[in-house]
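Novice: With the hints as extra help, turn the sequences into a complete structure.
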Amino acid sequence: MADGALPVLDVKNLKTVFRTRAGDIHAVNSVSFDLKPGELLGVVGESGSGKSVTMMSLLRLLPMPPAEILQGQVMLGGRDLLTTGEDDLRAVRGREVGFIFQDPMTSLNPVFTVGFQIMEPLRRHMGMTRAQARRRAAELLQLVGIPDAERRLKDYPHQFSGGMRQRVMIAIALACDPQVLIADEPTTALDVTIQAQILELVKELRQKLGMAIIWITHDLGVIAGIADRVMVMYGGQVVEHGPVREIFRNPAHPYTRALLQTVPKVHGDRDDKLRVIEGQPPIMVTVPTACPFRDRCAHAFDRCARENPARREIAPGHDVACHWDHHEAAT
Amino acid sequence: MFNYTLRRLLLAIPTLLFIALIIFLLLELSPGDPLADMPLTIPPEVREQMRMALGLGEAWYIRFYKWLYMFAVIEPSHVLAGMTGLDMALEGPRILSWQTRSPVADIIAQRLPQTLWVVGLSYVLGVLVAVPIGVYSAYRQYSWFDQAGSFVSMVGFSLPTFFTGPLLMLIFAVWLGWFPIIYDTTLVVDDWSTFLEQLRQMAMPVFVLTLYNAAQISRFMRASMLDNLNQDYVRTARAKGMNERVVVLIHVLRNSLIPVVTVIALGIPTVFTGAIITETIFRVNGLGQLLITAIYASDIPMVLTLSVVFAILIVLFNLIADLLYAFLDPRIRYD
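Residue numbers (my numbering), protein chains in the order written: chain A, 1 to 331; chain B, 1001 to 1335.
Careful: at least some of the hints might be erroneous.
Sample of chain A residues at the chain B side, in silico, Cβ under 7 Å [to be verified]: (1) LEU61; (2) ARG93; (3) GLY94; (4) PHE99; (5) SER107; (6) LEU108; (7) ASN109; (8) VAL111; (9) GLU120; (10) PRO121; (11) TYR156; (12) HIS158.
So, partial list: chain B residues that the calculated Cβ filter (under 7 Å) puts toward chain A [as the list claims (entries may be wrong)]: (13) ASP1232; (14) TYR1233; (15) THR1236; (16) ARG1238; (17) ALA1239; (18) LYS1240; (19) GLY1241; (20) ASN1243; (21) HIS1251; (22) ARG1254; (23) ASN1255; (24) PRO1330; (25) ARG1331.
I should point out that these hints are in silico values taken from the structure, not numbers from a laboratory.
We put the CB at the ideal spot given by N, CA and C, even for glycine.
Specialist: Structure (structure tokens):
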């Protein structure tokens, strides 16, 4: 990936809260990241770490209320998506940014044909006629590897298997040739063989079409195979970020290290127990003034309770939000 | 689908026969004498002759068979002849009302228009009012509109028509004098002024029933919309850049209407059975009122025939609701 190329997407200081009856939940706390053209950014973290909420905030797809975006800047194509009007934002959704969701069983509308659902964005954003959109929809189904595409346009979602439905979702997301594709745990709901097929498909499509991808997952194995850069999230903030090889070879944050240790090894010792990270991810009821990971961290010391660590660069392109210095500790 | 419909229709025949038999036997067991209204001066032997003339001397199964034959064969031929104007009516005795001695089918045909005008119109208006209210209430859940809608629905739901009816009569007919207190069935609509007169006399009963119907259907529509508004496919539609009108009125509404249409279809037979209470209060002599007066007078042929006609409508609209369900929801197929 060309270093120094202008990012297609630049997110700064994004803060999202959920206003609930029991009080505010600070789901996203000052998240910043960028995405270069053609790059694949992996976003990892446990459930509840704020990965999905961050990505949905970018296009304001969260139900508001209860969600509210307090501050931040989301630059895409020279404008801030958080301040543009609804109409302009709708012109971005599905046109410049495509979205794939986690559960293909519920993400498609059950009462409309797959063809109708693929043609909708084509007709809206590309101004195609019905016939043009139909032709393009068939091409798209072919592109995502659905055989007999022309005929299957007339089928309803329940006539497709889970993996096939996720292919349809990908076809919808890619319909208008977006610059950015956001995939929110697209393989989590699928079984392992189908998961591998979808991964292969995305790799292949990326080479063919060259869009930048944000891939949200909690599966580090998936990330290792496809990502250029990795962003690790915890408690609604970015705790570590860097090139994929850096993260896997020199993980600096105790959370990243713990995550890597939880991945079961194929060639490992048979007696090796499956490792877990003890405890639960926090629910952020206040703006964090301490490190959100300190309760589960083996290296926590008094400073961690006093001050929420800021991100600091430890190697070119590799930054971490932690007070503990693992290099110093090692020596 | 065709085979399914045919199978359901064939299965409906034994069901309806059984329903007819049960109603017949219930009426047989019920107390009451069709000749009770006759003057006491009639000598007992004459009274007995009259009883025989009504067919009461025969065994119950013979009477049931005779009624069934007339209901299934003779009466339909007369109704068809009346509708098409063709000379196809079959010879033979007809089901006669014990009160009026005229064929039951003719009386029903006279009463049906009143019921359809008042009760049918209020059902149609109820649906037309309820669907948009339900959709908007759900879309703006807990807004002032939703709160006001919920309040009016609860009022419409919980206040019975025998309360709202007299209340409206008191206010609009007695105090303000805007509408007539009694529904005049003999009014013939042939020009502008009689049409206005018809509207005025329909206004109160139609309003009372519309409020009641709209309250029920709008609650149902709202609940169904709320179920669907939080579905994942709605987020997908928004993520595709569809505007809110398309998201709500195409993606969500199409899904939400499936159960609502079924409920609306299932409610249509109640239009024909008439709103007994409302018709009685406003003196609309429709089918509901006909049934009530027939019950009071122990007019067994009339009660039996009306009840079985209602049963047929209910069975028929149940089938229609099931077929509509399959038509609206592609996941459901009857093969």
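Novice: Under the criterion of a CB-CB separation shorter than 7 Å, is A:GLU120 in contact with chain B as hinted?
Specialist: Hint holds; A:GLU120 Cβ to chain B Cβ min 6 Å, cut 7 Å.
Novice: Restraint: B:ARG1238 near chain A, CB-CB cut 7 Å. Satisfied or not?
Specialist: Given a least distance of 6 Å, the restraint on B:ARG1238 holds.
Novice: Have a go at the B:ARG1331 hint: is there a Cβ in chain A nearer than 7 Å to its own Cβ?
Specialist: holds, 5 Å
Novice: Under 7 Å, Cβ to Cβ, is where A:VAL111 needs to be relative to chain B, so tell me if that hint holds or is violated.
Specialist: holds, 5 Å
Novice: Could you check if B:PRO1330 really has its C-beta closer than 7 Å to a C-beta on chain A?
Specialist: holds, 4 Å
Novice: Taking 7 Å as the limit, does the beta-carbon of B:ARG1254 come near enough to a beta-carbon in chain A?
Specialist: Status holds, d = 5 Å.
Novice: Hint A:LEU108 vs chain B: min CB-CB distance below 7 Å?
Specialist: holds, 6 Å
Novice: Interface hint check: A:PRO121, Cβ to nearest Cβ on chain B, cutoff 7 Å. Holds or violated?
Specialist: holds, 4 Å
Novice: Does B:TYR1233 meet its interface restraint, that is, does its C-beta lie within less than 7 Å of any C-beta in chain A?
Specialist: Interface hint status for B:TYR1233: holds (4 Å vs cutoff 7 Å).
Novice: May I ask you to test the interface hint for A:GLY94 with respect to chain B, counting a Cβ-Cβ separation under 7 Å as satisfied?
Specialist: holds, 4 Å
Novice: Does the interface hint hold: is A:ARG93 within less than 7 Å of chain B, judged Cβ to Cβ?
Specialist: The hint holds - A:ARG93 has a Cβ within 7 Å of chain B, the shortest such distance being about 4 Å.
Novice: Should the interface hint for A:TYR156 be scored as holding, given a Cβ-Cβ cut-off of 7 Å against chain B?
Specialist: At 4 Å from the nearest chain B Cβ, A:TYR156 passes the 7 Å test, so the hint holds.
Of the numbered hints given earlier, the model fails none.
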